[in-house]
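Student: Just need the whole structure built from these sequences, with the hints factored in.
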Amino acid sequence: MNAKPVLSVEDLRTYFYTRAGVVKAVDGVSFSLHEGESLGIAGESGCGKSITCLSLVRLVPQPAGQIVSGKILIEGRNILDLDEEEMRRMRGEVISMILQDPLTSLNPCYTIGNQVSEAFKLDSKSGTTKNLKQKVIKVLKSVNIPLPEQRVRDYPFQFSGGMRQRVLAAMAIARNPKILIADEPTTSLDVTIQDQFLKLLKEMQARLKMALVMITHDLGIVAQTCDRVAIMYAGKIVETGTVSRVFQAPAHPYTEALMAALPKMDEKRKKLFQIEGEPPNLLNLPKGCRFWPRCQKSMERCRYEYPPVIPIEEGGEVACWLCSSGEF
Amino acid sequence: MSALLELHDVYKFFPIVLSGVIKRKMAMLKAVDGISFSIEKGACFGLAGESGSGKTTISKMILLLEKNTRGQILFEGKDLSKFNAKEIMWYRTRVQTIFQDAASSLNPRIRICDIIREPLEVQLGKSLSKTEINNRMEEMSRLVGLPFDKLENYPHELSGGQQQRVAIARAIILHPSLVILDEPVSALDVSIRAQILNLLIDIQEKQGLTYLIIAHDLAMLKHVTTQIGVMYLGNIVELGDTDSVFSTPVHPYTRALFDAVPHYIPERVETTPALKGEIGDPINPPSGCKFHPRCEYAIDICNTEAPTLMQSGAGHLVSCHRADNMLDIHSNNKMEVSYGEENDSRTQQNN
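The listed protein sequences derive, respectively, from chains A and B.
To convert, note that position 305 of the first sequence is 305 in our numbering; the numbers rise steadily by one, no gaps.
To convert, note that position 285 of the second sequence is 285 in our numbering; the numbers rise steadily by one, no gaps.
Check each hint, because a few of them may be wrong.
Only some residues are given here: those of chain A computed to face chain B with a beta carbon under 7 Å [what the hints assert, rightly or not]:
#1 Arg151
#2 Gln205
#3 Ala261
#4 Gln274
Note that these hints are calculated values from the structure, not bench results.
The beta carbon of each residue, even a glycine, is placed where N, CA and C say it ideally should be.
Tutor: Dropping the structure here:
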């Protein structure tokens, strides 16, 4: 792709200042996203994937969390330079987000119609009240809510889990944003409902030509919905690339181990490959490469120096000494 | 081989108050609606299904935490409902459980060593000396790979994987014959999940345990189980050897469930349409076959008559009026993906 990216993140660092010390939740993350493209950010809990996304909409919990350095360019503008009022206008109009748990994201005391219309009310161009109701019904219809004319008067508890998540999707796409962030949108849903929702998400993305950032710990979801993937480990992106390349020929030992550790539907039963140890404590990171204590291929050098990010085939990047020394 | 646990036509209804205080209107929530299966000694039986399908209610009935409305549950040939207090104590040494969320199943105010020791003290405290109990406790922590320096800690000081190891140690310290695992790894990260699954398989082989695993993660079930039952709204729709069910799923629901699982190989991503609708209402389930409103192959009879579990051409039990047709439909479509392999080393070992 040669067009300018809609979103580009350069060396983003988000730290949390706690009594126990500085937690480097996101520590030098860079990626870019083009119009209509979907990027999956995958990793285990605590690897910084959610904080990366909260940084993109500048909703990192303050004052503990601070975006320490880096740039987030949306259509060429660095959103870290915007004031709160300008940022508020960006949210929903240019960039919007679907969160993990639909029940806690919806206010139980207001009707669905009321809450969805809020998304339109922030829009300066929106029309009269009557017009508003029409818009709400239209957007609910677009996410396959049956009988939206009647359901707008219902409260969140009257909706099933899958429908609540679709309502949130409706709120997120209400004003045709250019970038949609979905943070583990299907973790609270059953497999068949997850399947429905992911297919709806793909369809919406194609229809509205949105760029999609999909945060998930489930690599299967990445394979199903994304064009490119970034694998995160302990606050850093260790590997990026097209989904087909990363899944078939993972370059980083962590990615490789993750793939091997997954039980697969279409494979003969055998003992699973296991990654020894546990993800590092972000307060007390190992020196050098963060994965080396668990890595089977670690070398002397990995212990002292963080490997440089080097480009590999199909526009991918990887941060590993193995690849830079040409052994891969 | 003899059956360790047998369920014969088990029902569980929960009464629900619909409205009114004096003149109450009641309804029955049919959580488990006529289920029979048996688990052989040394087997690893999996129950799959979406939330609300009744899998956890079954485990609660087996653990004597709920009483079945109708039907019989037999453990080593003895009827659970006829147990007296003494037999219940004995039964609880034979059957143990591991819950989904280790963090909330461990008492936050008790040290790890005491948590692991507790079942022994409760059950055999009179016949074992303190040192014997301590030895058993240490042996268990070695078996589950828990570092000794963590034994004096409290649960919150452990990571998720270690907490799950504690839960496993606590469950197996009495050397039970049946262990019920309710979503044992769904709360864990991918890299930890493989460790725990391998550990569970390892322990099963070492101690000769029988597992009943309840999970919604089909890929995991395929890896671990030898038999599997697929549940939908309180019924088992397909039951048989894991390999047979995964290689030739017959019931339309099983097939839809398998298709809904995301594949890890991008080229394999299929474009089968998503299953429409949502799981039915257990208070007022659909007539006939409970799956028929969501089934694309439904015919008139599915609307009126409930199918029963019957032997299908695929070599396992299926509850579908069109089981034979379904087999033809699948072979005509030349099913693109096969979900299993014919031979399987673990079943052979267990036999």
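Student: Now tell me if each hint is right for this structure.
Tutor: Hint by hint, here is what the structure shows:
1. Arg151: For A:Arg151, the interface hint is violated, since the closest Cβ of chain B sits about 14 Å away, which is over 7 Å.
2. Gln205: violated, 15 Å
3. Ala261: Holds. Min distance 4 Å.
4. Gln274: holds, 4 Å
Going down the numbered hints, you'll see the structure goes against 1, 2, while the others check out.
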